[in-house]
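Participant: Each chain, letter by letter, is given below.
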Amino acid sequence: MSHAAVAHHTSTGLDSRKIAFWTFIGSECLLFGSLIATYLVYEGKSVSGPTTHEILNIPLTSISTFDLLMSSLAMVLALAAVQRGERLWARVWLGTTALLGAIFLGFQAFEFTHFVHEGLGFTTNLFGSTFFTLTGCHGLHVFVGVIWLTTLLVRSFQGKLGPEKALNVEIAGLYWHFVDVVWIVIFTVVYLIQTTPLPST
Amino acid sequence: MSEQSTTERAHAAHASTQTYLVVAAILTVITVVEVGVFYMPAMHPVLAPTLLVLSAAKFTLVAGFYMHLRYDHNVFRAVFALPLVIAAAVIIGLLFLFRVL
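If you're matching them up, the sequences are chains A and B in order. Reminder that position 85 of the first sequence reads as 85 in my numbering, one-by-one numbering, no gaps. Reminder that position 4 of the second sequence reads as 4 in my numbering, one-by-one numbering, no gaps.
Isolated chain B (complex conformation) (with noise of 0.2 Å):
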C-alpha cells in the first residue's frame, strides 16, 4: 500500500459525532438487555451465550468505532487481533485444563 493511501486512510479515521452518538446509544440497550436477560429466569439455561454475544457485540462496537480500527489500517487491526486471540486461547486452554469446561 502506498503511503498516500495511508495517509488517506488515517485521514478517514474518524466517524461523525452522530455515528459517535448512534454507537453510545446501541451500546446502553445492549447494557439494559444484558442485565435484564440475567434477571429473567427463562433465560438461564441459555444465559452464558446469550450474554457473551452481547458483550461480543458491545466490544466489537467499541473497538471498530472508538478505537478506530474500522476505518484505521489493518496493521493496528493484527497488532490488536493476535494477541486478543492468544488471550482467549488461553483462557478458553485453562478451563478445559481445569475442567470447568
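So that you can see chain A by itself, here it is in the shape it has in the complex (with noise of 0.2 Å):
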C-alpha cells in the first residue's frame, strides 16, 4: 500500500507531511551549506598545525563511506518491506539501518578520539574548530537517525508498524538519506579536496 492510499484530502492531492519535511530537508540544506561554506573559507588558514594533510585518515573515513552509503541501501529496503507487509523483513533492513548508522557514529568516536590525541581540539586552530562544528554537526544528525530508526523498530516489534504506516518510514528514510547525500559532500568537500600538499603516492 502506497502512502497516498493512506494520505489526507489536500488540494494538491499530496500528503502534508510530506511537504512540511521536504521543506524540512531544505532547510537543513541551507544549514549545511553554511557549515561547508566556513570550513571552505577557513580552509588552510590555520596558523598553527596540526592541519588536513596532516592527521586526516581517508582510508578510515572510506570506510565509514561506505558503511553510510549501504545503510542507505538498508533503508530503501525497509521501505520497500513495509510497504510490501513483510513485517519480518522490515524489521531486519530496519535493525541493519541503525546498526550501520551506530558504527558509522563508532568510526567518527574513533576518528576524534585520535584527533584529540594528536593534538587537534575543538580551539587548536581554525581547521579544528570548522572541522569539528561540520563533521559534529553531521554526526548529531546520524545520532537523531539512529534513534528514529530504533523507535521504528520498536514499533515493528510492537506490531505497530504495518503498510498503512509506510509514509512513517518513508519520512524517517528521507531524513537518512538527506544526511547521506550530506556525508556524500563532506567527504569530497572536506576530505579528498584538500588545499595543503597532497600525497605523493
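Incorrect hints may have been included.
Said to hold, decoys possible - Chain A stretches covered by chain B per the calculated footprint, using a threshold of three residues with CB under 8 Å from any CB of chain B:
#1 52 to 65
#2 174 to 187
Stated by the list, open to error - Far from chain B, by Cβ distances over 12 Å, these chain A residues were calculated:
#3 A102
#4 I103
#5 E118
#6 T123
#7 S129
#8 F132
#9 G136
#10 F143
#11 V144
#12 Q158
Since the hints were derived computationally from the structure, they do not count as laboratory data. No experiment lies behind these values; they were computed from the predicted model shown. Quick reminder that beta carbons are idealized off the backbone N, C-alpha and C, glycines included.
Given two chains presented individually in distinct reference frames, assemble the corresponding complex, making use of the accompanying hints.
Facilitator: Below, the structure is given as C-alpha cells:
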C-alpha cells in the first residue's frame, strides 16, 4: 500500500506531512551549506598545526563512507518491506540501517578521539573549529537518525508498523538519505579536496 | 494536475529492489574511483573538478532513486532544489568574497 492511499485530502493531492518534511530538508540544506562554506573559507588558514593533510585518515573515512552508503540501501529496502507488509524483512532492514548508522558513529568517535590525541581540539586552530563543527553537526544528525530508526524498529516489534504506516518510514528514510547525501559532499570537500599538500604516492 | 494522476505517480514512486541494488553498486564503484583518483599523482591537476563531478553523480543517484525524487511529484523536487541552489550560491559567493576562488 502506498502512502497516497492513507494521505488526507489536500488541494494538491500531496500529503502535507511529506511536503513539510521536504521543506525541513530544504532548511537543512541551508544549514549545512553555511557550515561547508565556513569550513572552506577558513581551510588552509590555520597558523598552527595539525592541519588537514597531516591528520585526516582517508582509508578509514572511505570505509565509514561506504558504511553510510550501504545504510541508505538498507533503508530503501526497509521501506519497500514495510510497504509490502513483510514485517520480518522490515525489522531486518530497519535494524541493519540503525546498526550501520551506529557503526558510522563509532568511526567518527574513533576519529575525533584520535585527533584529540594528536593535539587537534575544537579550539586548537581554525581547521579544528570548523572541522569539528561541520562533522560534529553531521554526526549529531546521524545520532538522531539512529534513535529514530530504533524507535521504528521497536514499533515494528510491537506490531504497530504495518503498510498503513509506510509514510512514517518513508519520512524517516528521507531524513536518513539526506544525512547520507550531506556526507557525500563532506567526504569530497573536506577529506578528498584539500588545499594543503596532497599525497605523492 | 488532477488528484488521480498525482496518486498514480505516488503509487509509482518506488523503484524495484534490483534497481536499488544496482544504484548501491554504482555508488560503491564511484566511491572507489574517488579514493583512487585521490591517490593518483597524475590526477592532481584536475583533482577538484573530477571529485566534484563524481560527488554530484553520487548525490544525484541517492536523491533521485533512494529519496524517490526521480519518480515523485515536481513539488518535492522544487522544495528541495531551491534551497539547494541557494546553499550552493552561498558557498560560491563566500569563496569569492574571501578570495578563496
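Participant: Determine for every hint whether it applies to the structure shown.
Facilitator: Here is what the structure says about each hint:
no.	hint	verdict
1	52 to 65	holds (count 4)
2	174 to 187	holds (count 8)
3	A102	holds (20 Å)
4	I103	holds (16 Å)
5	E118	holds (21 Å)
6	T123	holds (21 Å)
7	S129	holds (16 Å)
8	F132	holds (19 Å)
9	G136	holds (19 Å)
10	F143	holds (20 Å)
11	V144	holds (18 Å)
12	Q158	holds (25 Å)
In this structure, every one of the numbered hints holds.
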